[in-house]
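Undergrad: These are the residues of each chain, in order.
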Amino acid sequence: MRMMIVILNDQDAESVLRALIEQEFRATRIASTGAFLRRGNTTLLIGLEEDKVDGVVEIIREHSAEPEEPGQRRATVFVLPVASYEQI
Amino acid sequence: MTDIFEIETLILELLLIVSIVAVVVRRFRIPYTVGLVLAGLALSFRPPIELELTPELILAILLPPLLFEAAFHLNFDHLRRNVGTILLLAIPGVIVTMLITGGIVSFGGGLPLGAALVFGALIAATDPVSVVGIFRRIGAPKRMEVLLEGESLFNDGTAIVLFGIALAAMGTGQLDVVQGAIDFVIVGGGGVLVGLVLGVIAIPLLARIDDHLVETTLTTVLAFGSYLVAEQLAVSGVLAVVTAGLIAGNVGRRQMSPTTRIAVLNFWEYVAFLANSVIFLVIGLQVDLPRLVSNWQLILWAILGVLVSRAAGIYGLSRLGRPIPSNWRHVMWWGGLRGAIALALALSIPLSMGEDRSTLLDMAFGVVLFTLLVQGLSMEGLVKRLGLVTQSEEQSDYEIRRARALAARSGHDHMKQMYTEGLISLHTWERVHPILRDRSEALAKSVQELLQRSPSLEADEVLIARKEELRAQRGMFAKLRRDGVITDSTMEKLVTEVDAAMELEPDAWPSGILDFGTEARIKKLLMVIIQDRDLNSVTTGLSQLNIPSTIIKSTGGFLAHVNHTLLIGLAEEMLPVAVSAIKDAAKERVEYVSALPGPHPIPIAKPETVTVQGATVFVFEVERYEAI
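Chains as they are written, first to last, in my numbering: chain A, 3 to 90; chain B, 338 to 965.
Just so you know, these hints were derived from the structure itself, not from any lab. Keep in mind it's a predicted model, so treat the numbers as computed, not measured. Certain hints may be false.
Quick list of in silico lysine-lysine cross-link-like pairs, DSS-like style, CA-CA up to 25 Å [unchecked claim]:
1) B:Lys816 / B:Lys804
2) B:Lys920 / B:Lys830
3) B:Lys830 / B:Lys816
4) B:Lys753 / B:Lys721
5) A:Lys54 / B:Lys861
6) B:Lys860 / A:Lys54
Could you build the full structure based on these sequences and the hints that come with them?
TA: Written as structure tokens, this is what we have:
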């Protein structure tokens, strides 16, 4: 089991979330802020099986827009191992 | 009493010799002190001249300028960062040197213990002038320079105090260790105090007066005055001069206008040069070469003692301070050169000591000869062999291109200025301007091209830019405090943030601030819950270290206060640095609760205190990281 923490632009978050729901992933959306420029962004928490991680990375790549400046990035992804998982 | 005319002639002869030596060493690219000691050696071929120089005179006239000049141009900030190691080497280190060298010379060479300890004390004073000169010329790391210079300054003070105690003990024939230790502390501490007081008095004077002649004179009075006042009070004149010099050189120097600063520095450079030269030449005059050679065994024992005790200090004692890379230690061991101070102390031994005095003079001169000739001349080779020289061919190329580009741009800007001010006509400007502009652009492009070819140079330049930026920030904070815009404690806090960022050694940085290649190494995710009040400090502290984070506004479970949860991705090696930055910025606070927390807060009679944690940090292992 893995937890993916994805930090995205607000605009991209909409399309990514829609794509994720279509593919039957569940995600929790948190409104967050970038520390440096204090711009609003979105953090998604996605719990998923390990073999699905690559697929989600692809979804994010496909559904996020090209960044305005070459140095910027579209999304930051952390994949953390989960010790145990309960769905109640 | 030799008459004035003869003395003056002698002095002028010496100065002439000094000038010749200076010219010669420049041609052969050897350190100046090496040339001096050789000249002194050459002079020793003459039968020794009995100079009517009382020991007190030597100490009072020749020492203060040397010490003041050395203290004056040392930078407090650099010193402060290495203060632990410097003091370890300068105080216990000197005591160890005195004991080991004295011991070896006494047991090996057969010198009476009293004289041996006197020798041990006087030879403990190091003189890295030549070594530092070499470092600067070939581009060795600055920290080594600071360590050697700082150590030398303070060990001069300690050595002289110990020398005085040992001399007195030898005179009375008994050594009371406890009394000696007490004397050491009183004499040493007293000296520092005197220097402190006088230095502090001098600062407002230096600040208010803006006349380079007067200010130079003031520093002269400070240098010699602190020595004399301290000696009158029976405390260490040397430490007084060193302290006064440090204060004048750091706080005082900032209060001087640039022209004054240059004038004062030039003056002291000259005076120190004179004092250095005179000492070397005088000892050459007082040493008798045949007698020197006959003492060769004692000299060898002395050299052994010096090398062994230095090893003890550098490889042993200094481990208690901040870590030093091990091949630096080799350079510092071999760089323990002895010079003018040791010779001056030897010359100041009272003539009443008779035969022993000449022996000690010979030994001192012999050791100085060895350290300057053998160690001094081989230092450059050693540093290069150990790979400590950071100046590469590429960097020289970069320096040249950059300097040309900057000069061209400056020329262009100046022309523009002249045109705007109407000093040159439109006609001239239109003819000259395109040429200058094109040349400036071409040179800038050549620098760019070099940087693109060499990622390490690029990284270096970014590093320099960053350091300069941080320094500018620091300067601004100091200015804001001076102008009363922020309080002391605010400034302290802000400066700590900047200092933490400046402290990061280059290899602790994720290499490639320019590309995101570093992110392959993000292995940890920090989840940090901080108080609302600390948000600004924590995020600024982290961004100074180039650590990005994401902020989630949250609420505390107990008191229902607004707080923030930060998500921070880090490379393994940045973890302690980040936690430390958070620690500096987030404070535990005591809050007063006037109502029991809950959906319907019930007021309570007396406010309860609750300690709110500064920050809670969870560290997760990151299995995979992607930057898209």
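Undergrad: Could you run down the list of hints and mark each one as holding or not?
TA: Status of each hint after checking the structure:
Between the alpha carbons of Lys816 of chain B and Lys804 of chain B the distance comes to roughly 18 Å, so the proposed pair stays at or under 25 Å and holds. Between the alpha carbons of Lys920 of chain B and Lys830 of chain B the distance comes to roughly 12 Å, so the proposed pair stays at or under 25 Å and holds. Only pairs whose Cα atoms come within 25 Å are accepted, and Lys830 of chain B paired with Lys816 of chain B is accepted, the gap being roughly 15 Å. A hinted pair counts as satisfied when its Cα atoms are at most 25 Å apart, and Lys753 of chain B with Lys721 of chain B does not qualify at roughly 45 Å.
Using a Cα cut-off of 25 Å, the hinted pair Lys54 of chain A and Lys861 of chain B holds, with the two alpha carbons roughly 22 Å apart. A threshold of 25 Å between alpha carbons decides the hint, and for Lys860 of chain B with Lys54 of chain A the separation of about 21 Å falls inside it, so the pair holds.
The structure fails hint 4 only (numbered hints given earlier).
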